[in-house]
Each structure stands twice: as structure tokens, then as C-alpha cells.
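J.: Residue strings, one per chain:
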Amino acid sequence: MRPFEYVAPKRLREAYAILAQADGRTVRPLAGGTDLIDQLRVGRKRADLVMDVKHIPELMRLEWGPRKGLYIGAGVPCYRVYKDPVVAQHYPAIRDGAMLVGSWQIQHRASLGGNICNAAPSADTVPPLLVYEAIAHIGGPRGEREVPLERFFTGPGQTVLAPDEILLGVRVPPPPPRSSSHYLRFIPREEMDIAVAGVASLVALDSRGVVARARIALSAVAPTPVRARDAEAVLEGQRPTPALLVEAGEKAVLATNPITDVRGSIAYRKELVKVLTRRTLSKALADLGITLE
Amino acid sequence: MTTFPLDKLSLRTQVRMKVNGEPHVLLVKPWQTLLEALREELGLTGTKEGCGNGNCGCCTILMNGKTVNSCLVLAPEADGAEILTVEGLAQNGRLDPLQKAFIQYGALQCGFCTPGFLLSAKYLLQENPNPTEHQVRLAIAGNLCRCTGYDKIVRAILAVARGEVQ
Amino acid sequence: MTTTTPFRYIGKPIPKADALERVTGTARFGADLKLPGMLHGKVLRSPHPHAYIRRIDASRALALEGVKAVVTAQDLPPLEDARAAFGGELMIDLDHLRRLTIAHEKALFEGHAVAAVAATSPEIAEAALELIQVDYEVLPVVENALDAMKPDAPLLHPNLYTRTLGEKPSKPSNIATIVEVGFGDLEKAWAAADVVVEQSFETQMVHQGYLEPQACVAWVDADGRIHVWTTTQGTFNAQRMLSALLKVPLHMLNVIPAEVGGAFGGKIYVILEPLAILLSRKAGRPVKMVMDRAEVFRATGPASPAYITVKAGAKRDGTLTGLYAKIVMDAGAFPGAPVQGATWCIFAPYKAPAMKVEAYDVVTNKPRVQAYRAPGATAAAFASESTLDMLAERLGLDPLEFRLRNAAQEGDQNVTGQTYGRIGVKAILEAIRKHPHWNTPLQGKNRGRGLAMGAWMGAILTSSSQVVVNVDGTVQIVTGQVDITGTRTSMLQMVADMLQLPLDHISIRVGDTNCTPYTDLSAGSRTTFTQSAALARACQSVIAQMKAQAADALSKPDRRLTPEDIEYADGKFWVKSDPEQVLPWRQVAGLTRTRGTGPIVGTGTVTRLQPANEFSAQLCDVEVDPETGKVKILRFTAFQDAGRVINPIQVEGQMQGGAVQGIGWGLFEYYAWDKGKLRNPTLLDYREPTALDLPMIDTCIVEVPAPDGPLGVRGVGEPPIVPGPAALANAIYRAVGVRLTKLPMTPETVFWAIQEKKQAEHLQAVAGDGA
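Residue numbers (the numbering used here), protein chains in the order written: chain E, 1 to 293; chain G, 1001 to 1166; chain V, 2001 to 2771.
Note that these hints are calculated values from the structure, not bench results.
27 Å max Cα-Cα, derived DSSO-like pairs, lysine-lysine:
1. K2445/V to K2758/V
2. K283/E to K2630/V
3. K1018/G to K54/E
4. K2630/V to K2757/V
5. K2675/V to K2171/V
6. K283/E to K2445/V
7. K2677/V to K2742/V
8. K45/E to K2677/V
9. K54/E to K10/E
10. K1018/G to K2034/V
11. K2632/V to K270/E
12. K2034/V to K1008/G
13. K270/E to K2630/V
The following label-pair restraints were derived from C-beta to C-beta distances:
14. G157/E to K2434/V: 54 to 64 Å
15. V86/E to Q2759/V: 42 to 52 Å
16. G155/E to P2441/V: 51 to 61 Å
17. R67/E to L2763/V: 56 to 66 Å
18. A162/E to L2020/V: 55 to 65 Å
19. N257/E to G2166/V: 50 to 60 Å
20. E1164/G to N257/E: 46 to 56 Å
21. G289/E to L2763/V: 39 to 49 Å
22. I266/E to K2742/V: 12 to 22 Å
23. T1003/G to R2225/V: 34 to 44 Å
24. T1003/G to G2284/V: 26 to 36 Å
25. G2284/V to A20/E: 41 to 51 Å
26. N1128/G to A286/E: 20 to 30 Å
From the three backbone atoms N, C-alpha and C, an ideal C-beta is built for every residue, glycine too.
This is chain E alone, in the form it adopts within the complex (with noise of 0.2 Å):
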């Protein structure tokens, strides 16, 4: 590996002050570094300095409020995500995408923070979050701000981080009421993969059973994890039927502009999204009590 500096601020301030001091260095953050630390390895990216915000108390929060919702700072390890009850009751597809993420090994490591900021179009952890309306926090000495987790993505490896500005954690707003959601990601194998494509499907049910709000975000079938904003309004309002959850599916395909890769082809991407969006709204229907399939 290429030789760099390594250090571990142990309070906000201390690490704020290291990047207004970095002098056109390249400063790393690193959380679980399961992504970072090969990317180093192999030299496709640099670094003069890597900044561990493990031991920052604020960035590895776990917290829940009925009203306040959910926030995961940014160093979380995947495991404490998916193993918290409140999160698995809460945010179904949440925890689906922290449990997707690598393998055991990885998951001891990884975190939510890592996975976004690495801006994969195929981070599993980002539907999810899409479909609950995640904000990103994020700060630097110039200060704190925060923008929708939608927006935070530029491009693939691209977010709106300046360089000075690490990411603190993502709030997830409380669930609606009577909803539940799952993510589903297409692999060739059961695990150790990046997804060919992915989907994490939000349905809120009203007293009637109409879906009240939809929501549907894709994973590695565009530039960055996007929304399906033409399938969740087929959804919205409708009574869910199959031949409904398959004219979703066809909708979601309308959001993404994939790319051939050596993990699949445009078409079969496409065709993914129609399969996965239909599962999803299926799962997340079931657990409201309707079966669809």
C-alpha cells in the first residue's frame, strides 16, 4: 500500500480542526474501511491522511424516538443497525439492506455512513433509506448542514461532500402508519456480491387498504441510487392488485438508466427492476396482511 498518516480524533472538534488544517492534503475519513482500505490497496484512490472517526461519540449514535425517528451516525457498523429491534420493527427494508451488506466479517466493520459515502450505485444500505426520506447530516468547520439523502449523490463516487465536510449520520424520519418495507437486491450468487440491481419498496395502507404513500427507490441500475417517482404514483391511492404491483414494476423501469458492466447488461437490469419491485410491494404488503402472490 502507498504510505499515509493515519489518526483518531476522539471528539467533533478535534476532527473539524483537522480538515480546516489540511492544506491541500487528501484526508480520508474511515468508518468501517471495508471499502476504503482496498480502494487504497489497489490505487484507486489516494490519501495523505486518514482521519478513523470511529472514536467520535456522535458519529457512532444509534438513537430512536417515536417522534424524532431514527438517526445511524455515520460510523455505525451494519451489524449494530440490523441487529437493533427498533430498526427491525420500524424500517423492515433498512435492516434488509444492513444485512446485505458483504459478509459477517464485512458487517462487523462496514456502516451505513461508509456505504453512502462511497456512492456505489449499488450501495444496499441507500434505498432504504430513500424510501424513509433520509437526511443527510453533515458537518465541517464551517459548519453543520443537512440535505435529503436523495440529494446527496452527484455521481457514481460523487456526493455534494466538500472536501473540508465528512458526513455525521442520517436521520430517518418516523415510519408512517401502518407501513412496512423491504429492499431486495439481485445477485449470481447467495452472497459476497454487488448487487445487479436493487429495490427497497415503502407502502403505507390508510384504513380503507388504499395505499396512502408509495415509495420505491433503485440500487445499480442508474448513475446513483434513485427514487421511482412514476411508480409510486401508479401506487398512491390504488388498491393494491397484482396486476397493480406488475404496473408498478414497469413504472420503476422508467427511473433508471443503467449500464452494461460485467455484472449485467442494460435490458437484464431493467428487467430486474420489474421482478424486485414487484416482490418487494408484495413482502411489504404481506406484512400488512394483504397476500398478493
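Once you've looked at the hints, dock chains G and V against the given chain E.
T.: The following block gives chains G and V in isolation, referenced to the frame of chain E:
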């Protein structure tokens, strides 16, 4: 023109960690992985590098009680950590039941992946003493084995869970 | 040797002799060695798949503090005998081996070594690589074998002329060899057939996928003696290659085996070793070299991709009338694709009055292939076993009964002309017919069951070992036979039974080339088979020498005994005519120390045995998700003829491991190329099966003793990889009605095949409506 940061080659940082119950103070290169530190600085070569990017599990160790790929941990990150490697599995000259079962069931051939599997299995049984076959497979899905087809590894782990090997 | 007493150890599930060091992390693999003063070596590799190397300037690298040596092709001694050939399994001539080791005037594949550096730390070596300047002139890339065969294809080697039985060609070509074998009249065969099926298949380059990357330490000492610790399948094979490459006599070159972390045919050639030696010689210090995973993918020897067309004809009753195949195999950058293995194996389980194979060995801008478990056979069986299944279906016959009807047996002929001795094809098929897996109906939508057979001729070569009796009566096996599959254990079991001694009285040590007698590499399923014969000879010699000692000791002044007067069994020697006169083994062994007759050493060597042809079959049940194309394996059973089982755990282990490699080859694994550049050099995107992708792998062993060798042993390592892809293809066909002819059968491939079928059915329905 090279952009290699030659000026940083001599950087070192101190790491204190407990490895297999023994305290150690090491001077490591900041970019050195925990895997390299264990192998190069402590001579614990039982932990293997198969891929260097977390896809094979050969470098699996327990860090603070949890499995990690030691190739994806920087040595300085392990400051203050408790580490268990394959060399620390046997206690007072007594093999861990998993080690015995791997021998008895023929759950190893070349043995290169074995240390990683043993630690993944150790962690599984610590978390879930009565796993199903599927749960065993899920727990070792981050460890590749190219010799055995996993069959005998799964059987060995299940045998320990059932208390058939002690 | 024939033993009258029943075996105590042979056939028993004895735990691996070397298991303890593997579960405690003390087994020493290639990368585990550290020597005082050791330097770290790294290789500069060509980023271009095909390019002239105009100039290499290493002056800036050499000026970097900590850099101790740089080597390039210039540092190899000049070539003398270009035709000397090496390899063991896939042969390569010396000129090509040199150019493969390090690029000369041309880089021929992405990752081809161009220069190597030794430095005081890995980081400095890495920095030095960036300081070496290479001027390349990039050339057009020859991506695959079919392109390479076109008359206007760019040439890799200006002096490569096709070797064929015909006249010498006038122009160089990328086709290195054309082989034609066969017998009978195929035109008649097609005419006599009621159904003829012809189908083309394609397989991709795959990797053995061993988890231990190549690693070695080389040290050229002050006397110029070379010591190389390396992870290799054959120390003597490596020694001979190094000796020829570096022009060093064998006694100055010691190859010391490290434990091998998986090889499967991929650790036969020297690769880092010659560079490490050259660096060590220049630097005067030991040099360690370890590949990273991307180097393993790009710059070692993967398995050959193949294009195969099979034509098969049969009568209505299922009797085959003729079999034909055209096999085109891609050798990578230098000739040597496994066309021989493919040719022998493609129709091996069957008999037919006419058979013919045409095979092409072709060079392209890819890494030079090496052996991979039954080299050539897996691709061949994918083609032949798929075609035979299609034929059986067209005939309306059960795939098992169809195979049984045409099963080859003793006296039948392989396409190469070899007449089979005793073989197990029928025994395997009959075992399937009785097996619960075959007899349990498979129910459910989108599910199917596939059957396929596999074959391997069984390698022989030269094997030797020594059996040494210590003065306390314990015994050591001293051998240079590298253990890659558990052969230390099987050799211990065989010697214990051959000497009729307790297993714990015997130990085995795999020694280096300077202290063990010559033995060939461990490959081609030859080790246990040939060593069973070598050890039998060594043990016979030991018992004869021990009998002489016993005869001497039991002689009385009035009666001199000869070895013929002595009987031996179960650790005791006695006088035939007077069974009361007994000497235990231990006591006889002790006599050797004081009687001046010297230690008892039995050496056993074999070079010629009749081949122990090996056959296997696999049965698998799959379920296909028609919406995604994903294939789930529900049940899998591997069948194999092991001749005689020495250790059932190890035989099962070989069968299960091989089966899973076959599954990986069938469903997931391939080299994804983009104009000669590899797009997936990681274990993330080169997908080896994980535990979650598999069911338990059941095994069923049959024992049809091999025609030669003392125990009837057959090799077991190769055949289990062979049937998998075909068995899966046959199962997928039965599950969803699509015939996959390209490997791997990824979800996407299966998905589009299903879509195509739906579309065809739809069009047919529409046409039907119109009428």
C-alpha cells in the same frame, strides 16, 4: 513522474493490543493492515492473505469478539483491541472442539482457508449455539474454500453445535 | 505386493496426518517464511495485452534508496536448446517458458512480467516499479481462438508454424497444433443412424481459484547454491525448469516444498521462482515474492477456453453409430492447450463403431493456460454429455438407460485408439440406477434433474519413495512427493498395511530435492495410484532386508538360515520350519545398528504402469427462477469409481471439492475480457461458489479395481470436476426447456434463453392462430 509519497516511508505509529491473551506493544506503519502486523510483526502466520480485499475470508480473526477481515483493518485501528487468531484457539494445550471436529470430519484439505473458517465458526457458535444448516452456511458465506465443497465443514460445525465433539 | 491378512488401515477414514498443524495455524505455506536479511520482490507487469517492448529504463528505480536489484529478460542466460520441453501436464518448450517467465521483445498478455525489483520493504519495491520506464509499441490484440485462426489475424509469434500430420505449412500461424484421431467410417455411421444431433458449445477461461496466491523465497548463497522455498505441485519439476532457465546444474539447486494452499494444476510451472533467484543473485540476499490476487488472475495459468462442436448419431434403439468432435482450445500466449486431455475424455465413457476428434491448439493474447483438474475434460464433457442428452431426448430414451446401452467396457476402444482395461463406467451407471436420488421423483415447477458422466485417463509418469527403518523399529517414509490432496495420509496407511505395523509407528516427510530421490509432480490423479506401486516395491525390499537380518540372527552354528527360511507377519519374524523361533520387528531393526549391515532403506520406483482410467458421474436437481434466470441446486450426488478406496474421507473430499469446482465453472465463473484486458480480477467478480450457493454434496463410491498396481487404486482427484457443467445444463433443460450451450450459465444467460423460448412459442402460437 512518480507521485509515490516517499517522504512518508519512515512513518511509524504505536499500537497496543492483546493478541491471544498476551499484551503487545508494536510500532507499525500507519498503512499496514492488521493482517500484515500480525504476520510480519508478531510472526502469527496462521492468519492468511488470500485476496487482500475482503472477499475470501482467509484473514478472518476475532477483534473484540467479532469476526473481521484483518486485511481490511488498519493496524493502528486495532489500538486497544483484543484479538483472537487461530494460534489462540487451543487453550492450555487443549484443542477447541471446532479444531477437533475439523480434523475428525475431514473439514480441511489444503488448510489455507481453515484458520478463517475456524474463527467464523467460533463466532457463530458463540452467537447461536444451535444453528441450522442454513445458518451455518450463512455464517461461513464470507469464507471461500476451494478444496472441500464446504460439505464436511458444515458437518463439522453442526457436530460441535450438537455437542458430538467436545 | 499381495497381503493375505485383511487391511487394518487401507479403506479406513483415518484423519489427515497433517491436520493438526493446519487447524492450529502452524503449517508453513509459501508466504509464511521469513529469512534474515530478506528482501521483498515485486514484478512490473505489462498493462498491454500485446505490445513490443522498445526500451526499459530502470536507472531511476535503481537510484531509489532501499532498492537492491532490478532484473529484466536480459538477465536470463542465453537459450541453448529451444526444444527441451517441460510441464508434466501441459507441456511447454524452453524458448516459450523463458518468454513466459519474463517478456522478451514482446509482451503477449496483460500482466506479462516485464521487470522485477527487490527492495528492503514491499512499499519501496512498489515505489520502484513506478520509477521503471518502459516504452511500449501497442499491437492489435488477438482476443479469442476463433479470431486467432483467421488468415488475416495478427500473429503472436513470427516463428510459430502449425504442427500437423500433413506437410509443413509455408506461413506462420496462431494455430500451434492440429491433432486428428479416430477410427471407423463416420459417413457410414451417419447413414446408419436414425437420429443425428449436431451442436456447438463454448466455454470461457476460468481459474483454478486456489486460495493461496503464488509465493516463494529464493536465496543464492555465497557458494552460488540456490535455495528456493516454494508452493509447488512438483519440486523436481520446478528444479528441472529452473535448471534449464538459469543454466544451473541440479545439485546446486535445491527446491524446498512449502505447504500448498490449493493448486489444482495451477502450481506446476515456475513463475516467480526464476525472478526471485535472479534478484537474489544480484542482491546477495534472500528475496521473497508473493503475488496479490489480481496477479494470480492475470499472470498465472488459468484453464483453457474452448469451442467444441459435437455430432452424434444413434439408432432408434439407442445404439450409438458414430461420434465426432471438433475441439478448438485457446492456449493463451504460448502453445500448450490441453487438447490431449479433451480428446481422450470427450467420448471416453462410450463405445461406438466410428469416432473421430479433430483438435486445435491456438494462441491468443491471454495468460498462458495451465492444467486445471482434468485439463481439457470438463469443457469436453460439457459438449459431449449435453449432446448425448439431446440425442436421448430425440430418441425418447431415458438418459441413464441410453448411457448404459452405450457404456464402454474392457476391450472397447477410446477415440485415441487406446484399448480399455478394466473400467468402471457400467458399475457407476448401475450404482446410479439403484441410488435413492435417482429413484426419488423430482416434483415441483421449474425443477429438473440432470445426469452427466466424466472421464480422465489417469496420469502415470515416475514416482518414487524410500521407506527407512529406524533402529527402534519405527519407520519413516522419505519422499519428494508433494502432498496436495492428503497423500501423506494415504501413503502412511498403505505402508502400515504393507509392513503390517501399527500406523503410529510410521511417519512421513516430504523432503526437498537435495535429499529425496527423484519423483514427478503431484498432478493428474497419479499420486496415490503410482505411489501405491512404488511403496509396495519399497516395502518388499524392506521386508526382504529385514528377513535377511532375522535369518542371520536366528541362525545357529549348526544351521545357517537364509531369508527364504523366514516368515514375516504382523511385526514378527519366525523360522518357517520352527515357528517357536521368533524375533519381533523392533529387535530385528535394532540389530542393524551393531551388525554393520547398515540401515534398512527400501527404495521403490515406478515408471510404467498400465493406465488406471477414471470415470465419474453426477446427478443434480435444480430449480430455476424463470423471472431472474437464477439456478438453485436442490440436490447433488457425485458418483465415482475409485478402484480401491485407501481413505474414504479423502475420496469423498475430492469428489465434493471437485463437484463444487464444476458447479462454479458451470454457473458462475469466467474471465470477462475487454480487448484483452481482464475486467474481473477479484474474488468479488470472479465468483467462486460460497457455502450458501450449495446443498450437501452426497457421494457414492464404487470400486472396480484398476488393472494394474498392487491395490487396484485409481486416482480420484480429476474426475469429479468433469461432469458438473453438463449435469447442470441437462438439469436446466429439464426444468425450463432451454438448452444452454455456453458457459457459464449465469442467471442472465438463463433468463434470456427463457425469454427467447417464450418469444418463439408466442410466435408459433400466433402463426397457429393465423392458420
